[in-house]
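J.: Chain by chain, the residues:
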Amino acid sequence: MSDKLYKVLLFVAALVMPTVCGGVIYALVTDAYEAFEHFGFFRFLTSSEWSYTEGAEVYGALPFITGTLMTTLLALLFCIPFSLPVALFVGEYFKGTRVAAVLSTVTDLLAGIPSIIYGLWGFYTLRPIIMAMNISPQGSGVLTASLVLAIMIVPYAASLSAEFIKMVPNELKEGAYSLGATRAEVIGKVVFPVAGSGIFSAYILAIGRALGETMTVTMLIGNTNNIPDSITSTGNSMASIIANQFGEADDLRLSSLIAIGLLLFLITAVINMIGKILIKRARIS
Amino acid sequence: MIQQKIKNRLTKEKLMLWGVCLFAALTAVPLFAILGEVLLRGYDQLSWSFFTEPTPTAYKAMKAIEAGEPIPGGIANGIVGTMIMLGMAVVVAVPVGILCGAYLAENTKSRFANIVSYLTDLLQGTPSVIIGIITYIWVVVPMKGYSAIAGSVALFIMMLPLIIRSTEETLKILPSSLKEAGLALGGNRARVMLKIQLPAAFGGIFTGVLLAVSRVIGETAPLMFTALGCSFMRFAIDKPISAVPLLIWEFFNDPNLQELIWGASLFLLLFVLTLNMAAKFWCRTKVL
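Residue numbers (the working numbering), protein chains in the order written: chain A, 1 to 285; chain B, 1 to 288.
These aren't lab readings, by the way, just hints derived from the structure by calculation. Please read all numbers here as calculations on a predicted model, not as lab measurements. Incorrect hints may appear among the rest.
[Stated by the list, open to error] Incomplete in silico selection of chain B near chain A, CB under 8 Å: (1) 10; (2) 23; (3) 33; (4) 102; (5) 114; (6) 115; (7) 127; (8) 137; (9) 139.
Just so you know, even glycine gets a beta-carbon here, dropped at the ideal spot from N, CA and C.
Please construct the entire structure, taking both the sequences and the accompanying hints into account.
T.: Printed below as a string of structure tokens:
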């Protein structure tokens with residue numbers, strides 16, 4: 001095979017990416033257009049009604065945008081107290097030891113569990129616990145979904161943060177030790193400030209994961225089409241409303257669901273892009 | 001005064017160490033809780049017939065429950081469906097992904113390669129439910145029906161970025177002297193890639209493929225709108241077909257079939273985690 005043919009072949013293969021991504025955006029935009037045209041872009045975003053009575057169909061995305069934001073932010077909140085210690089354990093305290101390797105294997109395996117199995121576990125184990133603790137009567141809701149979501153994103157946040165914590169130069173840490181700092185002080189005054197931007201980007205990418213998580217949230221959030229009024233009440237996220245209703249929807253409802261899909265796609269794309277840019281910057285500096 | 005201060009700092013130091021250890025250990029709890037629950041509730045359902053028979057109808061299951069017998073049937077239709085869709089997806093995704101990854105590794109400076117690289121990240125971060133919508137619009141609507149083909153297209157789109165990335169990264173960490181030696185011996189670029197670089201990178205690429213398979217094999221959401229599911233054994237690729245995660249979702253929603261959830265979950269979980277461990281082990285021993 002000549003060099004020229006080889007180059008053309010690779011180029012053609014690389015064309016797959018722009019084709020697929022262009023196709024994704026084109027298909028989402030054209031199919032969401034009907035909903036945006038019918039309700040108006042801003043009204044669709046800010047309306048909290050979701051009613052499919054024939055003749056008086058009204059669809060608005062606000063309850064689901066709220067649901068997604070609530071579950072994601074809560075999951076992030078619950079995830080930090082676990083992922084940060086794991087990152088410190090693997091990247092600082094027990095760096096390079098066998099215990100650290102075991103713990104990273106454990107988090108790798110956590111990342112490998114399919115989301116439907118997380119959903120089952122949340123439904124059959126966590127939900128009864130929440131009911132028994134009298135937090136919410138039906139057990140499912142924003143809180144339950146976020147708790148399981150938090151477990152799911154710990155591995156992503158932890159492994160990336162650990163990578164940045166490991167990269168903190170030894171000379172800096174030794175400098176602080178020689179001034180008499182304890183290890184806790186070194187972590188607070190040297191490791192976090194130096195690795196901070198990297199750790200921050202790790203959490204941004206973890207948010208990107210949590211935003212689009214579908215099955216776990218669908219099984220645990222309770223699936224009601226209202227704006228959740230507290231963290232224990234039920235709701236729906238953007239991904240879960242799609243999973244719930246896409247199969248039975250047609251015409252305007254289908255278009256509205258695809259419009260929600262388009263919004264979700266844009267939000268995750270922006271979050272992931274910010275995360276990647278921050279990571280690149282953190283790696284260079 | 002000063003002694004008190006030092007004491008405080010040392011207590012803080014100890015608290016920090018123990019806190020980190022405690023919370024890091026707590027993170028392992030969910031893994032064992034999930035593994036334990038699925039194992040304990042699922043192991044007695046695994047039998048030969050569980051893997052060779054298709055799912056029972058809700059009526060049959062109801063009868064069996066009333067008679068106090070175990071539910072007949074298994075998840076064979078799901079296993080066959082998963083294998084068919086995964087097979088088709090892998091056969092297309094691996095060559096395309098490797099070629100695309102090779103393009104990225106060979107053209108690090110071109111502007112187009114930068115765009116392709118960015119789009120790979122974009123696709124990798126796209127929620128799987130959206131891949132489902134896209135495949136529905138692209139394949140299910142024009143074909144006027146759910147099918148195994150649609151399901152495999154969804155899996156293909158999800159695997160592609162993972163394979164591209166692992167190929168690119170493995171090729172990039174190969175020493176450039178390897179490629180230069182090949183070129184110096186008079187091989188053209190294609191030959192050097194095929195005979196030297198790809199064989200040397202095989203371990204990394206293979207790990208990437210294993211991880212990609214283990215990522216998509218448990219995906220449920222994209223298959224719900226594409227493969228739909230089917231309660232009997234089917235080998236046709238233009239008709240709705242089942243898959244193991246789809247069956248779990250079906251069992252979850254059907255009170256008569258709920259007993260079957262755990263056997264199916266145990267099978268899926270063991271399969272995914274074994275693939276994961278195999279990839280990790282392979283990665284440690286074979287890469288360079």
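J.: Determine for every hint whether it applies to the structure shown.
T.: Structure-based check of all given hints:
| no. | hint | verdict |
| --- | --- | --- |
| 1 | 10 | holds (7 Å) |
| 2 | 23 | holds (4 Å) |
| 3 | 33 | holds (7 Å) |
| 4 | 102 | holds (6 Å) |
| 5 | 114 | violated (11 Å) |
| 6 | 115 | holds (7 Å) |
| 7 | 127 | holds (2 Å) |
| 8 | 137 | holds (4 Å) |
| 9 | 139 | violated (11 Å) |
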